[in-house]
Every structure is written in structure tokens, then in C-alpha cells.
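Okay, here's what each chain looks like letter by letter:
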Amino acid sequence: MKDFNYHSAKDSKEASKLASSSSAFLAGGMTTIPSMKLGLATYKDLIDIKNIKKLSGIKVSGKSVTIGAATKHVEVSNSKDVKKAIPSLSSLAEGIGDPQVRNRGTIGGSIANNDPSADYPSACIALNATIHTNERKIEAAKFFKGMFETALKKGELIEAIEFQIPEKSSYQKHPNPASRYAIVGVYVAKHKGDVNVAVTGAKSCVYNDKEMSKALSGNFSSSSIDGMDLDSSEMNTDMHASAEFRASLVVTQAKKAVDAC
Amino acid sequence: MGKISLEVNGKKVEKEASDNTLLSTFLREHLQLTGTHIGCDTSQCGACVVHVDGNSLKSCTALAADVNGSKVTTIEGLETNGKMHPMQEAFKKLHGLQCGFCTPGMVMSAVDLLQKNKKPSDTEIRDWLEGNICRCTGYQNIVAAVKEAATKM
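Listed in order, the protein sequences are those of chains A and R.
Each residue of the first sequence is one higher than the last, beginning at 2 in the numbering used here.
Each residue of the second sequence is one higher than the last, beginning at 307 in the numbering used here.
Some hints could be false.
Straight-line distance between alpha carbons at most 25 Å, and here's what the computed SDA-like set of lysine to any residue pairs gives [claimed, not checked]:
| # | chain 1 | residue 1 | chain 2 | residue 2 |
| --- | --- | --- | --- | --- |
| 1 | A | K257 | A | Q165 |
| 2 | A | K84 | R | T443 |
| 3 | R | K453 | A | K257 |
| 4 | A | K11 | R | K321 |
| 5 | R | K317 | R | E382 |
| 6 | R | K309 | A | M240 |
Just a few of them, taken from the derived set where beta-carbon distance is under 7 Å, the chain R residues facing chain A [unchecked claim]:
| # | residue |
| --- | --- |
| 7 | S349 |
| 8 | D359 |
| 9 | K364 |
| 10 | A371 |
| 11 | M390 |
| 12 | H391 |
| 13 | Q394 |
| 14 | W434 |
| 15 | G437 |
These aren't lab readings, by the way, just hints derived from the structure by calculation.
In this text the structure is predicted, and so the values were computed from the model without any measurement.
Glycine included, C-beta positions come from ideal geometry on N, C-alpha and C.
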């Protein structure tokens, strides 16, 4: 791994002041460090944000659950408050990677990286999340721009993610048996007015499946999406699954999620 | 370059290391604690698992600078006065290893499991060891060893 300068920021202000066009924020490092080791990414400066106290912690209000960006997956999966307010979010966190990854990896890191197969982006879309940064608030629907791309500007730091508590929800994934990344993951959330069906792993970026959302908003039963023939033309094909298989998996996982709600 | 201060297996250590030094490199090359193995070096295999402030992590995917000031326990730190840790005893007794390469990480991971769940079921053990790969595929006896250790710890 190429050398860089390590900095530990004490607050968001210092972190964004240290940021430049050749820097990255370091949270759990579960993607950043392997990418740097493989030479896929090089930075002059790594700015550690884990020690910024304000960025860790979970707050539950009547309508929402707000999770600090540097909160680890294990903290989300162990939180009684999250389990009570949005059980599907707690089980999503429990299914990420392995225990060692969950001991280090953070929710903010997962979202900022926006891996097309990551779990958390689907929760953001399904649960109408608001991403709080040190500069502004961004709706999840406008945050995830494309493969490994987000609306974040250089030096902009995620501080917290605010999830809307749904009436019912469930996240079901078909994991890659080695990495536990989603070959396909579907997060179904039923809110007062409508239903979101957020899909990860299937395309280059997480998305809300409009067709299924519409069908389920009309009749919240797995029978209303049974046998739905989704367009696979934009879906991923790799050694693990073809686009056609992914299209079929999206429906299967969505049905499972509805039945588990 | 920066100063890394850690408490490793109960002893305070302080060494200069470049900022890109991984914890696994720091343990193996700066402290000569070669019990921590590097298998895949891509945080999949778990041979490099150590404990930092009581929790298991993959030391090939953590910077030494990043855990500065922490308490680290490696496989070398499990024994007390020359006596093996119950987990090590159980791995020996039940032949929970074949080539032994993954064993330090397996043991460290399993010890962390029993810290958090004193009586895990077979499924819980297998789920927990998700991030530890045994290329000899000796999982049956590894799971049996963890269960045996649970009765002794």
C-alpha cells in the first residue's frame, strides 16, 4: 500500500478543513483499506473520523431513527431501540459481512461508498431516509447517483442518517456465500401512504422498483407481485448470477419480504 | 511516520511506524509476534484476527495508527503462565485443526464469541465463524472444539 498521511480529526469542521482532492475520510476502513491495498485507490491524506464523538450514536424519536455516521454495524444490530422501532434495520445490520466487519464497518462508510451490492443503501431508499451532512440535508432518493457515486461533494461529510419509521418492513437478501454482499437484496417498507421496494445488488445502483411499489401500494400482499416479469436489460451479469436470474430473484426476495412483514 | 503506542498482551509497546503500516504488519514485523497469520490479506479469511479493546477484528484491514492507544490481544497473549487457554486446549484435544494456518484467527474469533455468548448453539458458532476460512475444511472439529471450550470457560 502506498504511503499517505494519517490524520485523526476531532470534529467535523477539522475533518472537512483537512479534506482535499487527494484525501479520503476513514471510518471503519472496511472498503477504503482493501481498495488502497489493491491499488484501486490512492490518497495523499486519510482523515480518520471515528474519534468524532458527535458522529456515533442512535436516537429514536416518535417518527424516526437517527444513526450517527460513524456508528458501527454491531451497534445498530445490538441496539434495543432500533430493534423495537425498525426491526428490519437491525437484522439488516446483523447480516452484513462477518462479525469482524460488523465490529469495524460503519453505516456512513457504507452509504458514502455506495457499493452496488451494499445493504444499507436499500434501507435508505425504503425508509425514506434523510442524509445529514456537515453542509445540508439530502433525501436518499437524490443521494445515490450511480455505481460508487453519491451526491456528496468533495470534503462533504455525512454526519447522520435519519430513517422514517414505517408501519411494516422487511429486508430479504440472497447473499453471496463468500462475501455476504447481496447478489440481490430487497427492502420492502410499508408507510402510511405508499410502499417502497428498494432493490440492491441487481443493477449498477440501488433503486426503488416503481412497478412493484405501485402493485403493493394497491394491495399489500405477495400475490400482487407474484410472477411479475421484470425487465432485466439493465441488470448485472457476473460469475455469480445472470441478469435474468437477478430479475427473478428480485421478485422472489420481494415476495419473501412482503410475507415477512 | 508516527509513534504507535499500544498495550499488546498486557505489555506497553511504543514504536515508530509509517502511517500506512497495517496492524498485522506492526504485530508481525515490528513486534515479531508472528502468531497472527496473514492468509488472504483481503479481509476474507480471518487468519489475522486479533482483539482490540475486547472485540475481534481483522488486523490486515486496520491501520496501526487507527488503533493507536488501544489494548491488543494476539494468540500469544492467551496463555497464562505457560498454560494454554481453554480454547487452545479444546482445539488440541478435539483436533480442531489440520494444517494449523487458520488456527490463530479461528481461536481468537471463537474466544470473542464466548465472551459475548457463553453457550452458543452449533448454528451460532458457524454463523460467528463466517469470516474465518479453513482451507482444510476442518469445520466439524472446530465447531466441536468451540462447544467443548464453552463448557470450560
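Evaluated hints:
1. A distance of roughly 22 Å separates the Cα atoms of A:K257 and A:Q165; the hinted pair therefore holds under the 25 Å criterion.
2. This hinted pair does not check out: A:K84 and R:T443 have alpha carbons roughly 35 Å apart, beyond 25 Å.
3. About 33 Å separates the Cα atoms of R:K453 and A:K257, which puts this hinted pair outside 25 Å; it is violated.
4. Our distance criterion of 25 Å between C-alpha atoms is met by A:K11 and R:K321, whose separation comes to about 23 Å.
5. A C-alpha spacing of about 12 Å is found between R:K317 and R:E382, which places the hinted pair at or below 25 Å, so the restraint holds.
6. A C-alpha spacing of about 44 Å is found between R:K309 and A:M240, which places the hinted pair above 25 Å, so the restraint is violated.
7. Here the hint on R:S349 is kept, as its CB sits about 6 Å from the closest CB of chain A, short of 7 Å.
8. Below 7 Å, beta-carbon pairs count as interface contacts, and R:D359 has none with chain A, the closest being about 10 Å; its hint is therefore violated.
9. A distance limit of 7 Å between C-beta atoms decides the matter here; for R:K364 the minimum to chain A is near 5 Å, and the interface restraint holds.
10. At a threshold of 7 Å, the smallest CB-CB gap from R:A371 to chain A is about 4 Å, leaving the interface hint in force.
11. Hint status for R:M390: violated, given a least beta-carbon distance of 23 Å to chain A, over 7 Å.
12. At a threshold of 7 Å, the smallest CB-CB gap from R:H391 to chain A is about 19 Å, leaving the interface hint violated.
13. Restraint check, R:Q394 versus chain A: the minimum CB separation of about 20 Å is more than 7 Å; hint violated.
14. Hint status for R:W434 relative to chain A: holds, with the closest Cβ pair at about 6 Å, below 7 Å.
15. A hinted interface residue such as R:G437 counts as satisfied when its beta carbon comes closer than 7 Å to some beta carbon of chain A; here the least separation is about 3 Å, so the hint holds.
When each numbered hint is compared with the structure, violations occur for hints 2, 3, 6, 8, 11, 12 and 13.
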